[in-house]
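Q: Below are the chains, spelled out letter by letter.
There are 10 protein chains.
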Amino acid sequence: MPTKPSKELVVVANPHPDRVYDVEMRCPEFTTLCPMTGQPDFATITILYQPAEYIVELKSLKLYLWSFRDEGHFHEDVTNIILNDFVRAAQPRYARVTGEFNVRGGISTKVTVEYRRSEEPSVAG
Amino acid sequence: MPTKPSKELVVVANPHPDRVYDVEMRCPEFTTLCPMTGQPDFATITILYQPAEYIVELKSLKLYLWSFRDEGHFHEDVTNIILNDFVRAAQPRYARVTGEFNVRGGISTKVTVEYRRSEEPSVAG
Amino acid sequence: MPTKPSKELVVVANPHPDRVYDVEMRCPEFTTLCPMTGQPDFATITILYQPAEYIVELKSLKLYLWSFRDEGHFHEDVTNIILNDFVRAAQPRYARVTGEFNVRGGISTKVTVEYRRSEEPSVAG
Amino acid sequence: MPTKPSKELVVVANPHPDRVYDVEMRCPEFTTLCPMTGQPDFATITILYQPAEYIVELKSLKLYLWSFRDEGHFHEDVTNIILNDFVRAAQPRYARVTGEFNVRGGISTKVTVEYRRSEEPSVAG
Amino acid sequence: MPTKPSKELVVVANPHPDRVYDVEMRCPEFTTLCPMTGQPDFATITILYQPAEYIVELKSLKLYLWSFRDEGHFHEDVTNIILNDFVRAAQPRYARVTGEFNVRGGISTKVTVEYRRSEEPSVAG
Amino acid sequence: MPTKPSKELVVVANPHPDRVYDVEMRCPEFTTLCPMTGQPDFATITILYQPAEYIVELKSLKLYLWSFRDEGHFHEDVTNIILNDFVRAAQPRYARVTGEFNVRGGISTKVTVEYRRSEEPSVAG
Amino acid sequence: MPTKPSKELVVVANPHPDRVYDVEMRCPEFTTLCPMTGQPDFATITILYQPAEYIVELKSLKLYLWSFRDEGHFHEDVTNIILNDFVRAAQPRYARVTGEFNVRGGISTKVTVEYRRSEEPSVAG
Amino acid sequence: MPTKPSKELVVVANPHPDRVYDVEMRCPEFTTLCPMTGQPDFATITILYQPAEYIVELKSLKLYLWSFRDEGHFHEDVTNIILNDFVRAAQPRYARVTGEFNVRGGISTKVTVEYRRSEEPSVAG
Amino acid sequence: MPTKPSKELVVVANPHPDRVYDVEMRCPEFTTLCPMTGQPDFATITILYQPAEYIVELKSLKLYLWSFRDEGHFHEDVTNIILNDFVRAAQPRYARVTGEFNVRGGISTKVTVEYRRSEEPSVAG
Amino acid sequence: MPTKPSKELVVVANPHPDRVYDVEMRCPEFTTLCPMTGQPDFATITILYQPAEYIVELKSLKLYLWSFRDEGHFHEDVTNIILNDFVRAAQPRYARVTGEFNVRGGISTKVTVEYRRSEEPSVAG
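Chains A, B, C, D, E, F, G, H, I and J supply the protein sequences, listed in that same order. Just so it is clear: in the first sequence, position 7 is 6 by numbering that gives the first Met the number 0, and no numbers are missing. Just so it is clear: in the second sequence, position 88 is 87 by numbering that gives the first Met the number 0, and no numbers are missing. Just so it is clear: in the third sequence, position 115 is 114 by numbering that gives the first Met the number 0, and no numbers are missing. Just so it is clear: in the fourth sequence, position 85 is 84 by numbering that gives the first Met the number 0, and no numbers are missing. Just so it is clear: in the fifth sequence, position 41 is 40 by numbering that gives the first Met the number 0, and no numbers are missing. Just so it is clear: in the sixth sequence, position 71 is 70 by numbering that gives the first Met the number 0, and no numbers are missing. Just so it is clear: in the seventh sequence, position 70 is 69 by numbering that gives the first Met the number 0, and no numbers are missing. Just so it is clear: in the eighth sequence, position 12 is 11 by numbering that gives the first Met the number 0, and no numbers are missing. Just so it is clear: in the ninth sequence, position 72 is 71 by numbering that gives the first Met the number 0, and no numbers are missing. Just so it is clear: in the tenth sequence, position 69 is 68 by numbering that gives the first Met the number 0, and no numbers are missing.
Since the hints were made in silico from the structure, they are not lab data. Beta carbons are placed, not taken as given, at the ideal position from N, Cα and C, and that holds for glycine. There's no promise every hint is true.
[Unchecked claim] Within a straight-line C-alpha distance of at most 30 Å, the following computed BS3-like cross-link-like pairs (lysine-lysine) qualify:
id : chain 1 : residue 1 : chain 2 : residue 2
1  : H       : Lys109    : J       : Lys3
2  : F       : Lys58     : J       : Lys58
3  : D       : Lys58     : B       : Lys109
4  : A       : Lys58     : C       : Lys58
5  : H       : Lys109    : H       : Lys6
6  : E       : Lys6      : E       : Lys109
7  : G       : Lys3      : J       : Lys3
8  : I       : Lys58     : G       : Lys58
9  : F       : Lys3      : F       : Lys109
10 : H       : Lys3      : H       : Lys58
11 : F       : Lys58     : F       : Lys109
12 : I       : Lys109    : F       : Lys58
13 : B       : Lys3      : B       : Lys109
14 : J       : Lys3      : I       : Lys109
15 : E       : Lys109    : A       : Lys109
16 : B       : Lys58     : B       : Lys6
17 : H       : Lys58     : H       : Lys6
[Unchecked claim] One-sided excerpt, in silico: chain H residues whose CB lies under 8 Å from chain J:
id : residue
18 : Gly71
19 : Glu75
20 : Arg103
Construct the entire structure; sequences and hints are all you get.
A: Here's what the structure looks like:
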């Protein structure tokens, strides 16, 4: 039974909601399409967050990142979109998304975007 | 005479209780079971702490980490559980537990949890 | 003007056909689909060959490797298919294709396939 | 639905049985028990083989390596056992199993065992 | 149709102008001429910036860095010039340019120059 | 004429006593005995200090570290003892001793201890 | 007084002409132009040779490699040209030129070309 | 109950005596004394062997290598002595001992010694 | 025409005197003599500074570092001397000199010395 | 009492003259002068040999390599000279000298020279 890509990030209850702690998930298998040329782009996406009420289920993150495979996005935009989607689903205290894009035209690009819930102090780790 | 896994973390008197200093123990041989699939998970567990009255005996830490071998735990949960058990046994000034879990579904996960005794200033090293 | 993936490997005349020499092309951006689950697989494909009358044009190789993006193949099979296609197009003295596939189920897989024109001696470099 | 460890290595038809080629599978998540002390041992198992009529299905290899988790074996013995089981199931032209066992008593141990079908010439890659 | 080097850095609208985030572009293919000896110099140029209204188009950055190929510049000067040109075109919140120049006379040189819009707080990542 | 281990750390006048600066000495050849089992332990000892009136003579440090070869000490204790001895002899503005002990029972241990003369500000480098 | 690029490779008498030995010179600062697009290409050129009557003067090799800066060449061709020029000037027993070209279109290319004087046995080191 | 160093290498029956295979044991914790100065020397000892009737028990190897701690030996001599002792105890088909000694006087030394039973063909792995 | 070592550090006008920026020069080819034994010592010298009115000319730095080749200096002293000479010549806002000295007696030594013009804020990069 | 550089390589009796074995000594602290410019050159010298009747005393090798400090030599020549001197003193079965010279003009150079006593078979390790 083949699985399918999905835009839905599934969350479950954080088993330790009272503690501020870090979860970092690193996926070196992100690919999307260049909106100018239609050619594939490749990146490593790293998401570091501090959960509040929810933690993000790992398998749904895999399906979520897969969902960009056939879409066209600029590097700066897609990194922001992932952060926005992640924050909407997980409602974390803090989140940071890093996209490390492979060399194009002799230049590699790394985009780092972060979110902090307004009432939160600075990141722990 | 075979040894056995144990949930008991043995402590001994800290020979230098007046000084704030760091002890970091790194174990790349942690394994547990996935509570969803029952399949083995593997991680490197690193415990950094600042002892107060006690230091943790190294052999008992080995047996303690071994005790998770046949249990099912989620990544975020087990890292918090190890911190809680460690703090209860060692009653340290500060403790931080990091679990670096191997790739599953193309994604690796690192969980970092910390504890600070309420009266303590920030970490030394 | 968007480019498109293509199964055609374009060759041009080898500027030094009388000399036996090695050309190695390494592409860490290969992706295909698992024929069992439909999920993306990722690999680094390395092609080492000794040209005879032709050398393979680099841009057409990029479009050729891209052409597997939406196809389903087993690791062992797709590495052999790339070698077969390459040999048919380039008609080299010697060719070796290596596919280094990312971790799945805690196991990484590397497939190495080679071809030697019957009248050729062993590889140079 | 939890999966289970299994001693059965599943094989499927080699899609390119006429070509001699290499398949290398590397699993850094192998664990067994020391038959003397009952304590866990950890190793990276690497299997390189040249398929004949069959190739080994990756998921069954994962379940097979898992099956040693609760068994007690010496380093030299378990590496040979894996080779024997693999050869019996896959009937390859050539196979080599390497077990790189973690430090015990300040010493790390690597065991390398190989098999060659009597009629085969030496390994390709 | 051959492309040409260009001093013009093309910018496009920042798709997320309200968020402070980092973009880092690394080019290991920078070359210029030594103004004393006329001999080629080689460097890796890294540009980290926090976009405001604009982001810099990657291809134009490639053509811009190419434009130094036949010019003569001292290490300290050219790194400052790149920052000045970048700030003028991109009008970022923050920008930092690093030039890591290859060994000359047994000594390697790294120049780091930064700009911060007067009203901005300190860098995010 | 054989040299001998010695507990005496020889100091000489700091040639630049008015400047706060760092001296770091790293010795990967430290060995002592486990007080429980009598078996050898191995560590890398790193001493970072900011000299005041004195600097420590390198050869005497070698003989001093050698003096632990036949003594039995716990990891946490011996690192503190080295700091205490060093501070007593060198009377530095600041000193930090790190002991990185080799794997025992699958776990490596790093102990970091520091001293600051009460009137000193924080470390320079 | 500025130096100039030059196609002339200067040789001097081999001080040990009776011994077969290896000289390897590695230059990570090679750049040329793509004959299709006119854009710069970058490579590391490594020359390994066994001198006969002559050795190649290092400074002239630098000027020689510089001479390709404004010329257009395909990867496979320029590596062969360097070997041909080197063999003509140095008349070595053996020579091998390797060109490791930077990523273009997600693919890096390495070209290895060798020459052996007909009466020579195989390479020493 | 403290353990003691011992010159006796304990062997047990090889569970797979009919197969030629490699066992490599690496100990980075070897120390002895310089017979000239009496000062400690440090080395990594690696033993690769092909067992015949016996394999060497790991714990006894640890105690054996420990037995050199208070003895004085030259680098070349002690590496040969270890090989001789190992061959006498294990009676292997093949054995190779490598001693990588730490820097002394700005020079590091590596000694490699091997033994082959007269009737054996060349090493497998 | 042979060049000569020189104690004179040549400076030229800083082309961007109004900006605070970093210049780091790293020389792994520093050698001097031990004042006790007369034997050669070797180090990597790294100079990081923030220029004010002047920048230091690279070739003169090479000749300056060369000038220590036949002099005898202790590690701590020579690192301070280089900083003093550099500050006197370049009159920078900030300067830091690091000397990483090779292993002697099993111990490597790193000396870090810094200078800050009294009116300057803290270092940029 | 300062030591002095010396051209004399001291040998002592090989304690195991009947066995063919390898001794490799690596010195990253070799420096000489460029005979053209008079400027210092730096290299790592590695000597691998198979002793016959003699082994070379380590301290004398240090003094011997030191003796080149104030002499002018070309890379190819000095590597051959070291081999010739070594063979004359040690009269080994086999010897190989490698000189890895630091970057000059953007190019690093490695020279490998070997000697084999006419009656010897090929090298062991």
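Q: Are the hints correct? Go through all of them and say.
A: Hint check results:
1. H:Lys109 / J:Lys3: 26 Å, holds
2. F:Lys58 / J:Lys58: 18 Å, holds
3. D:Lys58 / B:Lys109: Distance ~25 Å between D:Lys58 and B:Lys109 Cα, so the pair holds.
4. A:Lys58 / C:Lys58: Violated. A:Lys58 to C:Lys58 sits at ~35 Å, over the 30 Å cutoff.
5. H:Lys109 / H:Lys6: At roughly 23 Å apart (the allowed maximum being 30 Å), H:Lys6 and H:Lys109 satisfy the hint.
6. E:Lys6 / E:Lys109: Status holds; Cα separation ~23 Å.
7. G:Lys3 / J:Lys3: 44 Å, violated
8. I:Lys58 / G:Lys58: 18 Å, holds
9. F:Lys3 / F:Lys109: With a Cα-Cα distance of about 28 Å, the restraint between F:Lys3 and F:Lys109 holds, given a limit of 30 Å.
10. H:Lys3 / H:Lys58: 11 Å, holds
11. F:Lys58 / F:Lys109: Cα-Cα ~25 Å, so holds.
12. I:Lys109 / F:Lys58: The hint holds at about 15 Å.
13. B:Lys3 / B:Lys109: 28 Å, holds
14. J:Lys3 / I:Lys109: 26 Å, holds
15. E:Lys109 / A:Lys109: 20 Å, holds
16. B:Lys58 / B:Lys6: Given that 30 Å is the threshold and the Cα spacing comes to 12 Å, the pair holds.
17. H:Lys58 / H:Lys6: Measuring from Cα to Cα gives roughly 12 Å; hence the hint holds.
18. Gly71: 13 Å, violated
19. Glu75: 5 Å, holds
20. Arg103: 6 Å, holds
Checked against the numbered hints listed earlier, the structure breaks hints 4, 7 and 18; every other hint is satisfied.
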